[in-house]
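Chemist: From first to last, the protein sequence lines stand for chains A and B.
Taking numbering that gives the first Met the number 0, the leading residue of the first sequence gets 0, the next gets one more, and so forth.
Taking numbering that gives the first Met the number 0, the leading residue of the second sequence gets 0, the next gets one more, and so forth.
Some chain A residues judged to face chain B by a derived CB distance under 7 Å, without partners named: (1) R1; (2) R233; (3) A234; (4) P310.
Part of the chain A face toward chain B, derived, beta carbon under 8 Å: (5) N2; (6) D39; (7) S137; (8) Q314; (9) A315.
It should be emphasised that the hints constitute simulated quantities derived from the structure, not laboratory data.
The C-beta atom is built at its ideal place from N, Cα and C for all residues, glycine as well.
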Amino acid sequence: MRNFSYQRPESNHAAVRAREGRSTMFLAGGTTLLDLMKLDVMRPEQVIDVNRLPLDKVKKTADGRLEIGALVSNTALAQHPEVKTHYPVLSQALLSGASTSLRNKATTGGNVMQRVRCHYFRDGVSPCNKREPGSGCSAINGMNRSVHAVLGTSDQCIAAHPSDMCVAMAAIGATVLVNGPSGSREIDFLDFHQLPGETPYNEHALRPGELITHVVLDAPADGARSTYLKLRDRASYQFALASSGVIVAVQDNRIQHARIAMGGVGTKPWRAANAEQSLLGQPPGREVFSRAADIAFENARPYAHNAFKIPLGKQAVIRSLITATS
Amino acid sequence: MSESNQRYIGQARPRIDGPKKLSGEARYAADHHLPDMTYAYGVFSTIASGRINDIDTSAAEAMPGVIDIFHHDRFPSLHRSPDNFANGTKVDEPRLPFEDDRIYYAGQFVAMVVAESFEQARAAAYEVQVSYRPDTPITRLEEALEQHKPTPDEGSRHERGNPDSAWKKAPQRIEAVYNTAMETHNPMEMHASTAAWDGQSGRLVLYESTQGVVFTRNTIARMFGLLQDKVEVKAPFIGSGFGGKLFVWPHAVAACAATRSLGRPVQLMVPRAQMFTTTGHRPATRQTLKLATDADGRLQAVIHDSVNSTSMLADVPELCGRCTKSLYACDNLRVSHATVPMNCGTPTAMRAPGAAPGLFALESAMDEMAEAVGMDPVAFRLRNYTERDGSQDLPFSSIHLKQALEEGARRFGWEKRTAKPGSMRDGDEILGWGVAACNWEALKVDAKAQVTLQADDRVLVSCATQDIGTGTYTVIAQGAAEALGVPIESIDVELGDSRYIYGPLSGGSWVTASILPAVAQAARAAVEELKGYAIARGGPFESRKKDDLSFENGALGVKGGEMLSVAEILQARRLANAVGEASTSGELGKAYSYRSFGAHFVEVRWDPGISRLRVSHVLSAIDVGKVVNPRTAANQVEGAVAMGLGMALFEHTEFDQASGLPVNNDYAEYLVPSHADFPDMEVMFLHYPDYNFTSEGARGVGEIGTTGLAGAVANAIYHATGKRIRDIPIRLEQLMVDDLAATG
Chain A
0 MRNFSYQRPE SNHAAVRARE GRSTMFLAGG TTLLDLMKLD VMRPEQVIDV NRLPLDKVKK
60 TADGRLEIGA LVSNTALAQH PEVKTHYPVL SQALLSGAST SLRNKATTGG NVMQRVRCHY
120 FRDGVSPCNK REPGSGCSAI NGMNRSVHAV LGTSDQCIAA HPSDMCVAMA AIGATVLVNG
180 PSGSREIDFL DFHQLPGETP YNEHALRPGE LITHVVLDAP ADGARSTYLK LRDRASYQFA
240 LASSGVIVAV QDNRIQHARI AMGGVGTKPW RAANAEQSLL GQPPGREVFS RAADIAFENA
300 RPYAHNAFKI PLGKQAVIRS LITATS
Chain B
0 MSESNQRYIG QARPRIDGPK KLSGEARYAA DHHLPDMTYA YGVFSTIASG RINDIDTSAA
60 EAMPGVIDIF HHDRFPSLHR SPDNFANGTK VDEPRLPFED DRIYYAGQFV AMVVAESFEQ
120 ARAAAYEVQV SYRPDTPITR LEEALEQHKP TPDEGSRHER GNPDSAWKKA PQRIEAVYNT
180 AMETHNPMEM HASTAAWDGQ SGRLVLYEST QGVVFTRNTI ARMFGLLQDK VEVKAPFIGS
240 GFGGKLFVWP HAVAACAATR SLGRPVQLMV PRAQMFTTTG HRPATRQTLK LATDADGRLQ
300 AVIHDSVNST SMLADVPELC GRCTKSLYAC DNLRVSHATV PMNCGTPTAM RAPGAAPGLF
360 ALESAMDEMA EAVGMDPVAF RLRNYTERDG SQDLPFSSIH LKQALEEGAR RFGWEKRTAK
420 PGSMRDGDEI LGWGVAACNW EALKVDAKAQ VTLQADDRVL VSCATQDIGT GTYTVIAQGA
480 AEALGVPIES IDVELGDSRY IYGPLSGGSW VTASILPAVA QAARAAVEEL KGYAIARGGP
540 FESRKKDDLS FENGALGVKG GEMLSVAEIL QARRLANAVG EASTSGELGK AYSYRSFGAH
600 FVEVRWDPGI SRLRVSHVLS AIDVGKVVNP RTAANQVEGA VAMGLGMALF EHTEFDQASG
660 LPVNNDYAEY LVPSHADFPD MEVMFLHYPD YNFTSEGARG VGEIGTTGLA GAVANAIYHA
720 TGKRIRDIPI RLEQLMVDDL AATG
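Next comes chain B alone, as it looks inside the complex:
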């Protein structure tokens, strides 16, 4: 399809689901109140390691409205999930809730009260008396590293050339250790399950706040020993997930078990405090970077060894080197990953997993290296620019990192930057300018779509993928409108129901690239079916062949002749609809390496008189191929930048060292950027369609904006203050060392 003729793809469109969200018509998982419903509330471990001694439920059972209380001695026998990504049963935490009396982390479910109302369940949950035999917990990465030998993740290790000897021999080199804090996904909508078991039909319906209705269906079916089509999972709207809602967590299993046991619907919400414990997080990382260059600033060696915290229940490596292995030209390179267990819930993907902490370290190190060789940070990155992926020895399908750096620098006014730290002032404030590259894999997965042309001239597109707040409803409508040549207003899109045709998990920034080809093909298939009706006996084009007919602007006819609407054709045949389905493969050609690129330029303002640090300006030049909807895409980058700011400056899930209990598990004390923290923000899309990747040329935009941002902030802070902070979040006391020394 020629780009210039496109009416919808590439156009900034408002969200088609916006009015539903604004009016409250959109129902989220806990908005469903089913007839005869019961409410569950968890009892959560108040120790971080040890065993349950005894659970006394007698007082709670006597409370008003209490129906049942579940715990490890009273819970139906279930099966573990096969935990296999390929068959859609992946879970992060393999252990089932209430499996035994062991406590692996604070906030673990130890009991669950089901009552007639939410308030009754909560009140009774407070009366469940649990006694423990506690062990000493480990809740910090540095402690874990003292006590356990890290487990290497061999599958993700990459080495080429002779990095260690090349590093030693090079004339210029740096070595530094970077630490990133544990972070918690904080979507506005908390995890919630509304589950209803129908004993007569043996069917389970689950409204779940999930990024994957198909994965949830498959996993729950396996755990409960049910056929997949006996389980329906619905998530038409979710209040975002950021990776924390990709896979099934214990609360969903507990809710489903309770409804099957009780024969009544059960709703279970995860309280905000437990969003910090039992539903995943981004693990803490420690990363050692060694970089070396020749005298001209060409990288001779790159070594990126990282280790991250994981739970006692599963090894979940954070792949910090996933970008390092191919972002810059270097023949001698190693990336390696390892995990070390501690008493926390199981980590999972959080927006740009691996890349976000990994590029903080790499892009900080690139800045340090640039200074060591006396080069401007932008020029140093351009010096090491490459159009080949050194880890696969393949060309990139489409790369415009050079343009991102050059055009971004121009628009930001980088040439006005003076190199010396602290040299740019504005009144009481010192300005700091920093840059970092961003990078993310371009991913694509198998997808299907169904397009239904209806007798009322409306078009329904359906698929069991989700819109997690990114704009998927809207881009699918754009894709269908484009393929059919009909107004976008005539398209309805239904997502988030496992009964629909298979759709991908909403993760990895892959949905747009995966689903648009399927939508376009399904639209063409629907038109083919319509043509078949039109030429069949009794059809309006009875004497014609399919090939004689063309479908334009929502009407079918012979070129130059009479055009009939979909409605007219279907009504002539008394048919309800014409349906097309398509299935597209996620397989990519082997000739290229597929990645997205970009660059962030950041200005910070540091007021040393009051130790106040604020990020005042961010310009993000983003190379993600064709941008299907610049409006929702810019929104994705802005949100990703906000998350990057949180990572750089605020977010840190903290535990009490002695008890292992979380200490900032609410919205007041776990800081994310507020609106007032959000800087002047410019998103600059580079608009180079990647037709080596897909026919639409779009690579997806959900995660890339988070990558590199923390590095750019740290680099800007160094430029402002002269202080190279290698531990994030960067807090003002790290910048106040002189004031603290003066105080004694």
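Chain A on its own, in the form it takes in the complex:
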């Protein structure tokens, strides 16, 4: 960790204004930022601690949506009655992530901003286009089993997005509220995270100095059931090899509403819109689910050690759809 200046403003406005044009990071739970600073991978010159901002509330909006303050902890969000009742996929996703102590510290805004777990990014020395643009990607021809993607990859970067929470939010549908030097604006959750493409160092849609203040979940779908299934080597405390968050509503034995998002397999929280389309109007059943899973992975590209993520990801989709409809 290198020297940096530190401020702890009391208001959103002050937090956004505190930025001085140097490399600046907002500090919330610190579970990503402090780790990477200690590893010397992130070297902010200025750290603005946002923990005193009034952003720790969950409230229902007039139009039935759920507004989550950026500082609401993963634990608090997972246990919130509204979330447990109306968004079980989100509660389950949060509880499948990290460990109790990390979830107590990690925040909603911070989790949206979680950095990748690619070891070549984190080791500070290997070529990595995310850390050092133009240096190359060590993972493409290196070790790429566990924390690398098969969807949304490019020749510049194949690191998987590690968040479970974001997968559930992608399935639910959400809006990210941000506050910045030029005021407030809204970003659709699906547009928030960027594909690596030619610019893997651009990870999200935030403009310089913008701060996430809230994530607003879409109103829960009528009559829908949802679930999150995370597959990994060990039973706890591991990033997903493949995961699936689904929301399904069935009426008269026909699927009326379907959302599918996947984790561990994509370079961003991966919404499978075509797969959802294939389910609509169909009777729930293994064959229909299996076709949807095939569609979800039709553009998948395997690498030397992670080809298994394609069948594994399909299994996650199929089983979670079975669970949500049985």
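Position chain B relative to chain A; hints supplied.
Modeler: Relative to chain A, chain B alone:
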């Protein structure tokens, strides 16, 4: 001592050091912050092979708080350790830190910054610019085998009969190659040294996280050219070691050199990432097994040839055949070992070295052989049961492998097992049941102990051995309480200081067996000294002879007459204490082969719909002689089983092939079992004291639980899935071959 009268030995007792650990009172190596202390941080090689071109420290030197920066051009001249186990100077890696400009592995110390604070040292370490001339590294066993001819370890080779021809002639035979991955010890407490040199007295004090304060003292003294009594090494508590802290590693040498150079205390912690490089590991192994039986399933030939990876700096053979040579009856047998170098740090012992990977291979092969001859795996092992060690042609001092297999099978419900793979189902899940034998040498080493009866009626037992988390404090207190007949609450135990009377290295599962006889003898010697005070002029039993007096329940007196407490006797003479010392030999009688035995029964659950594998039940029937403390012993077996699960399913230290850099050197990506992975676990001790081994009959329990476990898991996985996986850790993609084929 008759067993039925024992009040403490054999009783389940909580750890006497538990409250200190829970309250934070227990201080570990890096918990010591000495006056005027400085903090060191390493600069570690980012190449795996080659030379250092140049080290530019100018930017780092200008950083706040920086005191000094050491590297190969700026490091005091030291001496290598004689590297001799017998005189307590063994090291794994003979090279001293900063000895020259050569790089043998990624993560090797190339420089060390010393600063006023830890944070300043770390920040400056990042500013040290090192340029290298890299060579192409080799970090995989298969590559190493392509490039180097293995070096045989002749001393550990054993051959009897005609194994090769017997194998060829036998009616039933199998041949298979098994691979085990490199694993890293991951004790919670990282390696750390807090070193303080006192220039005036020429003394060095070192708080070190070590499994051997005496070995560390001896080694450091040799390296620095000091007399042994000028070096004090302290490790009253260590956050475990699993073998990785048996011997001195470069960081300790670097910290001691820095404090002597600077004249101020220096603390150096090894970062978690470097725990994967510069402080030892279990090497990767490749093992070829050939088994053959007659038509009735009697073993006719066993051949176990293994090779393991080692570093460029030392040949460290992993003795995979150490159990194979005597576990089953077979007249035609060979075990052999060899090493092949690659660009990794030097391997060392990791819990049940040799036996853990070796029994994975042997017990997998036994399963394959049982199937080839159409026998149940338990019945096949019983068919080849023997009470003689064929490698030494001696009877075992005490063996209950038969009971472990039979009683374990009964309790596990083995008779309900259906033999066909995949034939046992529960909902979405397929059950697999597997068995494997476990085996470990019963070892004993020289030990001493001091017992002090104090004027406040408390008893102090001290010894320069360690409690590495296994319960040594507690079993020593039990031993002393038993020998003296006093309440265990009146016993204090002090360990982990090289100034105490000689104590053994904490390794090999030998401490309990080695130290208890010494404690009992020292207790008797202390009582003898007390008797001497009691009968001397002015003593309360002045007119008596020693033989008239007996010591019972903490009091001394004439049988049937007045009994006086230790305190009363010592106070009568105005003495502080009565001290007894004892020294016991590690030598064992030549009439027997001494080993521990057991059997693991494992249930796995395989959900093919989501490719999920979990171990749901483990029953371990363990034959380790007398169990001194069933509570801490069961804890040892449970921990060993967890480690075995890690070996079977998760643990694999991996390197990037091109750069040779480790890629999973943290707790998130190097997987060990989490609590949620730990199965329903039953530990079943067989309780047959081995009085041929020691007077206490206890054989030690630290390692045996890790042996055989990976084999039992692999066998259970075969039973569930029909897939015989011979490479561990077993990962779900190895079981998904059909799904992968379907995907194309």
